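Engineer: I would like the entire structure built from these sequences, with the hints used as guidance.
There are 2 protein chains.
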Amino acid sequence: MTQSKPEFLKGALDLLILKVVALGPIHGYAISQRIQQISRDYFQVQQGTLYPALHRLENRGWLGAEWRDTDTGREAKFYSLTKKGRKHLEAEMASWAQMSNAVALILRTAE
Amino acid sequence: MTQSKPEFLKGALDLLILKVVALGPIHGYAISQRIQQISRDYFQVQQGTLYPALHRLENRGWLGAEWRDTDTGREAKFYSLTKKGRKHLEAEMASWAQMSNAVALILRTAE
DNA sequence: ATTGACACCTAGGAAAGTCAGGTATATATG
DNA sequence: CATATATACCTGACTTTCCTAGGTGTCAAT
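Protein chains in written order, with the working numbering: chain A, 1 to 111; chain B, 1 to 111.
Derived from the structure by calculation, the hints contain no laboratory data. No experiment lies behind these values; they were computed from the predicted model shown. For glycine and all other residues, C-beta sits at the position ideal for the given N, C-alpha and C. Some hints here could point you the wrong way.
As the list claims (entries may be wrong) - With beta-carbon atoms standing in for the labels, derived distance ranges: (1) B:A30 - A:T72: 54 to 64 Å; (2) A:S80 - B:R68: 51 to 61 Å; (3) B:A30 - A:P25: 48 to 58 Å; (4) B:A91 - A:K84: 37 to 47 Å; (5) B:D41 - A:T72: 48 to 58 Å; (6) A:D69 - B:M93: 43 to 53 Å; (7) B:S100 - A:E90: 16 to 26 Å; (8) B:T70 - A:Q36: 47 to 57 Å; (9) A:R68 - B:R40: 39 to 49 Å; (10) A:D69 - B:R40: 49 to 59 Å; (11) A:T70 - B:Q46: 44 to 54 Å; (12) B:G73 - A:D41: 46 to 56 Å; (13) A:R86 - B:S100: 22 to 32 Å; (14) A:S80 - B:Q47: 36 to 46 Å.
To be verified - A partial selection of chain B residues facing chain A, derived with a Cβ cut-off under 8 Å: (15) I35; (16) Y42; (17) M93; (18) Q98; (19) S100; (20) L107.
As the list claims (entries may be wrong) - Some residues of chain A that are not near chain B, with every Cβ distance over 10 Å (derived): (21) I26; (22) H27; (23) Y29; (24) Q33; (25) R56; (26) N59; (27) G61; (28) W67; (29) D71.
Structural biologist: Structure follows, in C-alpha cells:
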C-alpha cells in the first residue's frame, strides 16, 4: 500500500498476534482460536498463515518460544512477548490508530 | 492476512482511490495528491503503486478513463466511477468498517 | 478401529507494494 | 537560452505476505 509507515495492511496480522500473546503465554493453535473468538469470527487465521507469521515474529525478536505441556497433556510451543516485542506492540497499536484515522478522514469526505 | 473477506489490508488503497474518484472525475496524479492532502500527509501513494492500481481498478470495471485536458492545458487521464464501481465502493466501505471493528475488538481486550 | 480435534510444519503460487528506472510537457529560474 | 522543477504518465524487477494444499503425529471419542 503506500503508507509512509509500511507496517500495516500486511502488518495487521502481526499486530493481532502480538496483542493476543500480550494477554499471556499461549501456543500457536490457541492464538488463532483466540483471534477468531475475540473478533467474533471475523478473522480466521489459516495455519499456513499463522505458523510462518509466528516464526517471522520470533526471528525479529518480538516473540520468545518454549515447548511446554498444555492442560490436556500435549506438547505445544508457547509464545510470549519479549521486552522488544512489547515495545513494538505499543508502536504498532499507535500506528494502527493513525492509519485508521487517516482512512477515516478520507472516507468521511463529503461528496 | 487472514480475513474471511479477502478484500482488505491489501484493498485499502483501492478503497481510498475509489472514494477520492467518487468526489468527481480526476486524473491519477491528482488522486495521489488528494489522498495525501486529505489524510494530512499520512498516505503518500508512490507512482509505482498508483498507476498499476488504477489499471487494476479499470480492468475490474470499477473505474472508467478518458483523456482530457487539465486546467493548465496538459493532457491527463481522467478517471471516474462506473456504476459497478460505485456499488463496489459502498461494499468496500462497509467491509472496512467491519474489519476495523474486528481489529478494535482485539486491541481493546484488557491485559 | 477409525474419525475428528488438537498441534505443529512447509512448499508453491498469487497478489500487492516499493524501488528505481523511463518518457514527455510546461513553467520558473538563472 | 539553459536548466531545473513540477506535472503527468508508465513499467520491470524484487520483496513480502497470504492462501492453498499438502504433510506429520497425538489424543479422545465412537
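Engineer: Out of the numbered hints, which ones does the structure contradict?
Structural biologist: none
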